[in-house]
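Number of protein chains: 2
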Amino acid sequence: MAGRDFRELLSAQWRAGRFLCVGLDSDFEKIPETARKNTVADTIVNFNRAIIDATRDLVCAYKPNNAFYEAHGDEGWRALRATVQYINEQAPEVPVILDSKRADIGNTNLGYVDSFFEHLHVDAITVPPYLGKEALEPFLSHKEKGIFVLCRTSNGGAGEFQDLKVGDEPFYKVVAQHVSEEWNTNGNCGLVVGATYPEEMKAIREIAPDLPFLIPGLGAQNGDLKKSVQYGKSASGRGLVLAASRAIIFASSGTHFAEVARQKSEEFNSEIAAALIQ
Amino acid sequence: MAGRDFRELLSAQWRAGRFLCVGLDSDFEKIPETARKNTVADTIVNFNRAIIDATRDLVCAYKPNNAFYEAHGDEGWRALRATVQYINEQAPEVPVILDSKRADIGNTNLGYVDSFFEHLHVDAITVPPYLGKEALEPFLSHKEKGIFVLCRTSNGGAGEFQDLKVGDEPFYKVVAQHVSEEWNTNGNCGLVVGATYPEEMKAIREIAPDLPFLIPGLGAQNGDLKKSVQYGKSASGRGLVLAASRAIIFASSGTHFAEVARQKSEEFNSEIAAALIQ
Numbered sequence: 004m005a006g007r008d009f010r011e012l013l014s015a016q017w018r019a020g021r022f023l024c025v026g027l028d029s030d031f032e033k034i035p036e037t038a039r040k041n042t043v044a045d046t047i048v049n050f051n052r053a054i055i056d057a058t059r060d061l062v063c064a065y066k067p068n069n070a071f072y073e074a075h076g077d078e079g080w081r082a083l084r085a086t087v088q089y090i091n092e093q094a095p096e097v098p099v100i101l102d103s104k105r106a107d108i109g110n111t112n113l114g115y116v117d118s119f120f121e122h123l124h125v126d127a128i129t130v131p132p133y134l135g136k137e138a139l140e141p142f143l144s145h146k147e148k149g150i151f152v153l154c155r156t157s158n159g160g161a162g163e164f165q166d167l168k169v170g171d172e173p174f175y176k177v178v179a180q181h182v183s184e185e186w187n188t189n190g191n192c193g194l195v196v197g198a199t200y201p202e203e204m205k206a207i208r209e210i211a212p213d214l215p216f217l218i219p220g221l222g223a224q225n226g227d228l229k230k231s232v233q234y235g236k237s238a239s240g241r242g243l244v245l246a247a248s249r250a251i252i253f254a255s256s257g258t259h260f261a262e263v264a265r266q267k268s269e270e271f272n273s274e275i276a277a278a279l280i281q
Numbered sequence: 004m005a006g007r008d009f010r011e012l013l014s015a016q017w018r019a020g021r022f023l024c025v026g027l028d029s030d031f032e033k034i035p036e037t038a039r040k041n042t043v044a045d046t047i048v049n050f051n052r053a054i055i056d057a058t059r060d061l062v063c064a065y066k067p068n069n070a071f072y073e074a075h076g077d078e079g080w081r082a083l084r085a086t087v088q089y090i091n092e093q094a095p096e097v098p099v100i101l102d103s104k105r106a107d108i109g110n111t112n113l114g115y116v117d118s119f120f121e122h123l124h125v126d127a128i129t130v131p132p133y134l135g136k137e138a139l140e141p142f143l144s145h146k147e148k149g150i151f152v153l154c155r156t157s158n159g160g161a162g163e164f165q166d167l168k169v170g171d172e173p174f175y176k177v178v179a180q181h182v183s184e185e186w187n188t189n190g191n192c193g194l195v196v197g198a199t200y201p202e203e204m205k206a207i208r209e210i211a212p213d214l215p216f217l218i219p220g221l222g223a224q225n226g227d228l229k230k231s232v233q234y235g236k237s238a239s240g241r242g243l244v245l246a247a248s249r250a251i252i253f254a255s256s257g258t259h260f261a262e263v264a265r266q267k268s269e270e271f272n273s274e275i276a277a278a279l280i281q
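Chains as they are written, first to last, in our numbering: chain A, 4 to 281; chain B, 4 to 281.
One or more hints might be untrue.
A pair counts as met if it fits within one copy or between any two copies, since identical chains are not told apart.
[As the list claims (entries may be wrong)] Pairs of lysine to any residue residues, derived as SDA-like cross-links and limited to a Cα-Cα distance of at most 20 Å, are as follows:
{"id": "1", "residue 1": "K230", "residue 2": "A278"}
{"id": "2", "residue 1": "K136", "residue 2": "G162"}
{"id": "3", "residue 1": "K146", "residue 2": "H124"}
{"id": "4", "residue 1": "K230", "residue 2": "H145"}
{"id": "5", "residue 1": "K230", "residue 2": "E147"}
{"id": "6", "residue 1": "K168", "residue 2": "Q180"}
{"id": "7", "residue 1": "K229", "residue 2": "E209"}
{"id": "8", "residue 1": "K33", "residue 2": "D117"}
Think of the hints as simulated: they come from the structure by calculation, not from any bench.
Chain A on its own, in the form it takes in the complex (with noise of 0.2 Å):
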C-alpha cells in the first residue's frame, strides 16, 4: 500500500462529509443465513464484502475489531486480511482502522508491526497508553499511519483507573495531555473518546483541540450522537470518526441486510449532518 497515508485520506473523507465509521464486528454466529458459505472464513469475508459494497460511499473509514476475527484462530485472521484486501482494492479511498488494543515494548512490537502493517494493510490501529510512549516507538514512527490511543473507553467500568486524580485532574486527562503535546511529534495520533462519556469529551477535546477523535460506543452502547458531534469536533469542525457496528451491519438478519445496513448509515449520517450545523 505504498504512498497510502492515513491523515491525508481521513481528511480527505472529511472535506466530503463524511464522519461515520462503520465496525465491522462481523460476530459469526450473528450473520445472516443469506450470506452463508461453506467455510467461516467465506462467510465472514462474503458478509463483509456486502456490508462494504453497500455503504462505501457513506462512510470516512471501517473499522474491524481483531476479536471477531482471531476467535476462530488463523481462519480468522485469512477472514481479516481478505477484508482489508477488499476494502484496499474496491474502495481505496477509504482508511482502514484495526481496533486492535494492544501494544508490547519495544522491539517486541516490530511483530505487531509486520502483522498490521505488512500483512494486514491496514492505516491505523489502536494501542492503550498504560506501557508510554517510548514503548511504543515502533508504532509511532511510522508518520503514514493513524495511531489511536485509548483515552476514555465506552465501557460502564471505565473510570476504575482512567477517573482517577492524578494531582488535581483525572487520568485521562493526563493521557490526552502526553498525546497531544508529546507523542504527536509525527502527527499521527489520534484518541480513543467513547460516546458513552460526552462530558468528558468535552474536557478531553480543550486539552487536544485538533487531534482526530475516534468515537465507539454508538448505536447497541447508546453513546450520545448530538453531544459528540458537539463536544467532539474539533477546531476546525473536523476531527469526528464516529464509529457504529452491530446497529448498522446487524441491523436486519434477512435476505436484503446490507440494504438496510445502507439505510442505517445514512440514518447516521443524517443526524451527524443535523448536529454538525447546530
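Could you slot chain B onto chain A? The hints should help.
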C-alpha cells in the same frame, strides 16, 4: 484441556522447586539454520519443539509472546497453536502463559476468550489494566485460567504513566491494590512486574503478598535476578515466574542450540536457587 487449572499446575511446579519461565519469543529471523524447514510455520514449530524437548523438566511455565507469531499472519497462528498443542501433549505438567497484552471491553472479549482458551488452549494470559475490572470480567470469570495484569512493565519508559502519583501513591501501586483487593475474587489473578525495577517490585509485593508475579526482563534486558527473587517471592517463599527469552532460546545459533538452551536454563536455575536460600 478439561480439568487443567493454572494455579494448581503452577503450585505443583513451585513445590518441585521450578521458578524459571522460558519465553518462546521465537523470532523467525533468529532461528538457527539447523532448525529450518520449508515453511515459516514449520520452522518456528520445529525450533520450539527442540527448545521444549530440551528444557521441559527445568521450567515452571512456557510463555510465547503473540507478536512473534502474528508477524506471520495466519501461518504464525498455526505455528502458535501447534506449539501450545505440543506443550500440552508432551509436557502436560507445564502451564502455558500467552503474553497477549490485550483486552477489549465486555462481550467483545468473548472473541479473545474463544481465541486463547478454546482455540489455542493456553492456561494463562497477560492483560493491560486501563479498561478496568468490569471490562475484563469475561477473562476474570474463568477461574481455572491465570490472568496476569500489567502492573510495572520492564521497559525504560514504563514510568511515564506508571509512576504518576495518584494521591500519595504511584499509579502502579494503585493497580496492584485494585487487582489484589478487588479483581482477585476467583483467586486467578497475577501481576506482571519487570525484573528491571526491583525497588518497585518490593513495594508491589508488600501490597500483594500472595499474588503470582510474572517477571520479565531477565537476560537480554539485564533485569536483576537476585533482587527479583529476594523482593518478588511471596510470603510463602514462592510466587515467582521468572521469565527469560532470548538469553535462553537464542543463546546459540549453532547445531547444538537446544543443548545450549538447556545449559542456560540450568544456569538460571542455579542462580535462582542460590538467591532463594539467601
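Verification of the supplied hints:
For a Cα distance limit of 20 Å, the shortest separation of K230 from A278 inside one copy, 8 Å, qualifies, whereas the shortest one across copies, 58 Å, does not. In the homo-oligomer, the alpha carbons of K136 and G162 lie at most 20 Å apart only across protomers (10 Å), although the nearest pairing inside one protomer, at 22 Å, exceeds that limit. In this homomeric assembly, K146 and H124 come within 20 Å of each other (Cα to Cα) only inside a single copy, at 15 Å, whereas the closest approach across copies is 37 Å. In this assembly of identical chains, the alpha carbons of K230 and H145 never lie at most 20 Å apart, being 32 Å within a copy and 37 Å across copies at closest.
In the homo-oligomer, the alpha carbons of K230 and E147 never lie at most 20 Å apart, since the shortest distance is 30 Å inside one protomer and 43 Å across protomers. Taking CA atoms no more than 20 Å apart as the test, K168 paired with Q180 passes in both settings, with 14 Å inside one copy and 16 Å between copies. In this assembly of identical chains, K229 and E209 lie within 20 Å of each other by CA distance solely inside one copy; the values are 18 Å within and 47 Å between copies. Taking the shortest Cα distances, K33 and D117 sit within 20 Å of each other only across copies (16 Å), while inside one copy they are farther apart (31 Å).
Consistency note: the structure conflicts with the earlier hints numbered 4, 5.
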